[in-house]
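Engineer: Going line by line, the protein sequences match chains A and F. Per the numbering used here, the very first residue in the first sequence carries number 21; after that it's consecutive. Per the numbering used here, the very first residue in the second sequence carries number 21; after that it's consecutive.
Think of the hints as simulated: they come from the structure by calculation, not from any bench. Errors might be hidden in some of the hints.
Repeated chains share a single entry, so a pair holds when one copy, or any two copies, can fit it.
Unchecked claim - Computed cross-link-like contacts, DSS-like style, restricted to lysine-lysine with a CA-CA straight-line distance of at most 30 Å:
| # | residue 1 | residue 2 |
| --- | --- | --- |
| 1 | 125 | 82 |
| 2 | 82 | 67 |
| 3 | 125 | 174 |
| 4 | 67 | 174 |
Computed from a predicted model, the values in this text were never measured in an experiment.
2 protein chains.
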Amino acid sequence: MAQPVLDFWFDFASTYSYPSAMRIRPLAEAAGVDIRFRPFLLGPIFKAQGWETSPFNLYPAKGRHMWRDLERLCTDLSLPFVRPDPFPQNSLLAARVALAVPETKREDICRAIFRVQFAEGRRIDQPDTMGTILTGLDIDPAALLAAARSDAIKDSLRAATTEAQRLGIFGAPTFITAGSELFWGNDRLERALAWAQCGV
Amino acid sequence: MAQPVLDFWFDFASTYSYPSAMRIRPLAEAAGVDIRFRPFLLGPIFKAQGWETSPFNLYPAKGRHMWRDLERLCTDLSLPFVRPDPFPQNSLLAARVALAVPETKREDICRAIFRVQFAEGRRIDQPDTMGTILTGLDIDPAALLAAARSDAIKDSLRAATTEAQRLGIFGAPTFITAGSELFWGNDRLERALAWAQCGV
């Protein structure tokens, strides 16, 4: 029988998606669940509800808690953490790159993008930074960056974002089982895996 | 040496405050932490950031997830759950009642108020409902309801809400240690207790 599947929806600029991206692989293997990394853009979803930037910027008390909470969380997980500047980063290029790489390398590239942003404090909207990551994973940066700018990949990212919105996604990370059960937030990852295990 | 203290800030209309109110006592005892039940009103804090109702009503996708998530959570915790109608309930009377009872009975009254709302589906803005709860806890309802409407109690609730805002509270439940470490959300209760244990 095929393994159950859990979709991991995220935006590269999303702060709580970072610990999820770093935690999900070993947890999924222990649970016997396949994970699909699904990058999308939160920006259009936020805009549709009247937000021009992250709610963590719009609501300063909420933002202050998030930064402190994320710092505590990363300490607990022994994950390095540097606060991105600016925040949120523009995640368009990163999302296109992640969709343009072969599926077998997608997870690695996604983790590498999260790592340069949240562990090394670098900007993810720079082609040079993407190039360095690609080279590190034995992917030709020039060809891949050209593919990332193709209409096919642009359409693919737009379609992912439209699908996310249709599925009821309003934030990231979001985990969705094959039976359309939706879990929002890094702190729901374990529960989502347990739900996926039941095959619903 | 005195036990460490953790302040548990909540609004009676807050959905995720219900599982916290039901979980906190045994967890706190196991951790050797004293809990102070701190009712306040989220309404004025939401209004100050431009919200006229709960964000779960303002943002429907977020609201749909919350109701489903709370249902799953209560099932996991074997807590009965009925969706309040209307939502949010007007929590003014309940908060005043909770502040007017003697401190030794405050926790019990708070849990009883959460229970009638979220387990029995009753409205908490009705003096009769409060009266039934008070009688059940051997408190004279007529005298207590009169005290709950006194200027002293009204001032005390206003002061609590002002203090909550000053402390950076933007949602409920919120847990704050003696060292001002702030944790937001039912899913942060265990982490807040562990932090409080360290005495900071």
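Engineer: Could you run down the list of hints and mark each one as holding or not?
Structural biologist: For each hint, the structure was consulted:
1. 125 x 82: For residue 125 and residue 82, neither the intra-copy (35 Å) nor the inter-copy (32 Å) Cα distance is at most 30 Å.
2. 82 x 67: Both. Shortest intra-copy (19 Å) and inter-copy (15 Å) distances satisfy the 30 Å Cα cut-off.
3. 125 x 174: within (19 Å within a copy, 61 Å between copies)
4. 67 x 174: within (19 Å within a copy, 40 Å between copies)
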